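Kindly produce the complete structure, drawing on both the sequences and the hints.
Top to bottom, those sequences are chains Z and D. Under my numbering, the first residue of the first sequence is numbered 32, with each subsequent residue one higher. Under my numbering, the first residue of the second sequence is numbered 32, with each subsequent residue one higher.
Source of the hints: derived by calculation from the structure; they are not laboratory data. One or more hints might be untrue.
All copies of an identical chain are treated as equivalent in the list; a pair is satisfied when it fits inside any one copy or across any two copies.
Claimed, not checked - With a straight-line cut-off of 35 Å between C-alpha atoms, the simulated DSBU-like cross-links for lysine-lysine are: (1) K330 with K260; (2) K181 with K233; (3) K379 with K109; (4) K411 with K129; (5) K369 with K282; (6) K129 with K352; (7) K74 with K181; (8) K406 with K170; (9) K352 with K282; (10) K260 with K411; (11) K121 with K379; (12) K109 with K411; (13) K109 with K216.
Fair warning: this is a prediction, and the values are worked out from it, not measured in the lab.
Number of protein chains: 2
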Amino acid sequence: MNREGNEEIALEFVDRLSDSLGFDKERIQHLFEKNYLARNWGKYEHLLRFDKEISHIEHGTVLYEKGSSFEFIMGFPKIRRAMVLYPTLKKHFNGLSKLAVEEKMNGYNVRVAQINGEILAITRSGYICPYTTERANVKLNLKFFDDFPKLVLYGEMVGPDNPYVPKAIYDIDSVEFYIFDIREKNTGNPLPTAKRRELMEKYGFLQVKSFGEIPLKTAPEEIADIIRKLGIIEHEGVVIKDPEMIFPPLKYTSSQSNCSDLRHAFRFYNEAGRDYMLSRIVREGFQTVEWNEDETEFKKRCMQLGESILNPLRESLRSVKNSQRLYEEVRIRVRNLKTASDFEDYLKRLGVDAVFEEPYSVGAEYLITVRKLNKSTNDKTQAIWEGELW
Amino acid sequence: MNREGNEEIALEFVDRLSDSLGFDKERIQHLFEKNYLARNWGKYEHLLRFDKEISHIEHGTVLYEKGSSFEFIMGFPKIRRAMVLYPTLKKHFNGLSKLAVEEKMNGYNVRVAQINGEILAITRSGYICPYTTERANVKLNLKFFDDFPKLVLYGEMVGPDNPYVPKAIYDIDSVEFYIFDIREKNTGNPLPTAKRRELMEKYGFLQVKSFGEIPLKTAPEEIADIIRKLGIIEHEGVVIKDPEMIFPPLKYTSSQSNCSDLRHAFRFYNEAGRDYMLSRIVREGFQTVEWNEDETEFKKRCMQLGESILNPLRESLRSVKNSQRLYEEVRIRVRNLKTASDFEDYLKRLGVDAVFEEPYSVGAEYLITVRKLNKSTNDKTQAIWEGELW
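Right, here's the structure in full:
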């Protein structure tokens with residue numbers, strides 16, 4: 032195909048996209064130029080993703096051709112955070128009588144949908160992850176997607192074989208998908224929470240734990256109790272929802288989850304975002320004041336905060352001092368070795384510096400250890416130990 | 032004067048400045064347009080300051096007309112930080128046999144010089160502070176500037192009547208100027224440390240404490256001891272210098288100083304820089320590993336870090352919850368009430384939101400309490416207590 036032919040196709044494509052999005056053509060061209068609208072690669076090249084929120088289209092929204100038109104899989108709506116439960120819940124959900132409270136799990140956000148006959152797993156940013164896609168096909172009841180081709184599952188991939196956020200706190204052997212939301216293609220409209228639970232149960236899907244529907248009036252105290260209990264078992268927190276899913280949900284997390292985030296951030300202090308660190312610290316401040324903690328509880332919180340920061344920092348600095356490279360060791364479990372090599376290519380495309388060990392077979396599957404290198408923190412630390420200035 | 036006349040003067044001025052700096056005229060114009068080269072205001076309008084480092088001219092450098100040419104007062108050279116003492120000192124000062132070690136005091140950097148017959152105090156950024164100028168004229172032996180009109184004193188304004196960094200740790204009643212550097216006008220060349228000490232002593236100036244000259248070989252251990260002792264009395268740290276002032280100095284600080292910085296930063300968490308916070312935390316990590324601390328010392332450091340963060344944060348959040356506005360209370364002591372009103376105008380020009388209380392006289396002088404308001408942290412915190420999301 033010659034260059035002119037290519038351009039003609041592109042122009043015709045832009046024309047149709049312009050009609051579908053209701054943006055003028057110059058704007059579409061501009062989005063492509065800036066890579067705000069970008070293609071996935073390889074065999075998923077036909078799946079476009081929004082790399083930025085554009086006019087209320089969420090970041091991570093995916094779109095592709097469907098017949099002569101386009102189909103959209105809307106991104107994850109950003110869930111805002113209540114820094115304090117009172118009066119935030121009352122103000123935000125003003126007029127509701129009850130709130131649906133569900134567990135916020137610590138895993139990796141993924142959307143699963145049928146796209147042109149295939150079941151694909153889409154990351155928060157709109158990439159098609161080959162590993163997550165294989166796991167979704169292995170783990171999920173695929174009949175659901177034939178019965179409801181217009182619905183998209185929004186869930187959390189959780190467990191030790193999750194190479195993004197591996198957590199051993201959930202009593203899961205490998206990885207599982209916990210569904211927390213179902214939305215329609217194109218509109219992004221969500222199902223009410225009860226309807227979603229009923230449908231998921233019927234097909235045997237795992238779902239995030241529900242703490243039931245709680246009266247708005249008593250929600251701040253009741254949710255504080257739930258959070259304290261979740262904290263004890265190192266779980267993350269809750270998402271608080273309008274049962275009809277009309278008001279946008281809010282999240283609220285445990286102190287242990289803040290500290291766990293800090294432990295990870297300070298292990299790789301030169302990679303982690305400064306705002307990420309600060310926000311978790313400030314949450315600790317609001318929680319201790321909101322909960323009116325006494326001096327004993329406060330001292331404990333100070334110690335936990337100090338240790339969550341200095342312990343991982345010390346560990347990393349010591350490792351580098353002892354000439355050990357810093358990395359994060361994660362694990363994947365695949366049915367097909369091709370999935371592992373696709374995943375390796377995929378991480379490379381995303382700029383992740385990862386070393387895949389030799390696979391070893393476990394039953395019908397293979398376990399593979401992956402070392403993700405943290406070059407920035409490693410190099411900075413090494414330079415300082417060698418006498419470089421800050 | 033008509034507009035054309037003004038422009039003619041400006042062009043002639045740019046011509047001469049261009050000759051003096053060796054920059055072409057377009058570049059000078061550009062520096063003015065970008066405000067990288069800016070005028071002080073009011074009666075100091077003739078003093079220009081570099082608001083940015085330009086071609087090795089330090090940020091804060093001041094220049095003014097002197098006869099048909101220009102005279103320069105070079106900015107404070109940025110002193111880089113040793114994150115660890117070994118091997119940094121050995122590498123940085125490679126070839127020297129001895130290092131001059133001096134106390135780094137916690138105050139406000141100021142240059143004092145005679146400019147067209149007046150003794151003026153210039154801040155780090157190149158502003159003429161009316162308060163610091165009055166204090167310098169009251170406190171310093173002005174004969175020095177008549178004897179050495181070409182020398183500039185670089186020092187620290189320290190003590191409780193310092194409205195920028197008030198510290199009560201130095202056993203100073205009001206404010207004093209501690210000299211740490213003397214440099215020539217125009218070249219910025221520094222005097223060797225011994226020569227500077229001798230000269231300052233002769234004129235009765237206060238100087239930063241000297242820990243003597245220490246062999247490079249044993250410097251890491253000896254300086255670590257000094258730092259531990261300074262830490263116990265809550266002092267900041269040291270500046271480590273080539274006695275001949277040919278190699279640039281390095282600084283190194285105590286854990287207590289890091290924690291003190293953090294206490295201030297987290298009290299006004301929405302104003303303080305994220306990088307400022309992180310760097311102080313990371314220093315704690317390097318120091319505990321470099322000093323090979325045991326678990327008891329480490330736990331103590333964790334607790335100190337946690338408390339240095341959460342205590343001031345809790346205090347601020349509580350204050351706002353109790354409807355108290357957040358501010359920092361500082362104090363000035365003036366001989367002339369006009370200085371106070373000039374200083375009030377000056378802070379306003381700099382965008383500092385400050386309330387000056389009524390003066391009360393103490394001997395021949397006046398004490399005035401100044402409340403510097405921390406609008407950003409105040410408003411953010413108040414919004415959260417009222418139910419706003421993060």
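Right, here's what the structure says about each hint:
no., hint, verdict
1, K330 with K260, "both (20 Å within a copy, 26 Å between copies)"
2, K181 with K233, "within (17 Å within a copy, 88 Å between copies)"
3, K379 with K109, "within (27 Å within a copy, 40 Å between copies)"
4, K411 with K129, "between (51 Å within a copy, 29 Å between copies)"
5, K369 with K282, "neither (38 Å within a copy, 54 Å between copies)"
6, K129 with K352, "between (55 Å within a copy, 27 Å between copies)"
7, K74 with K181, "within (22 Å within a copy, 73 Å between copies)"
8, K406 with K170, "within (34 Å within a copy, 52 Å between copies)"
9, K352 with K282, "between (39 Å within a copy, 22 Å between copies)"
10, K260 with K411, "between (39 Å within a copy, 29 Å between copies)"
11, K121 with K379, "neither (46 Å within a copy, 40 Å between copies)"
12, K109 with K411, "both (33 Å within a copy, 21 Å between copies)"
13, K109 with K216, "within (17 Å within a copy, 57 Å between copies)"
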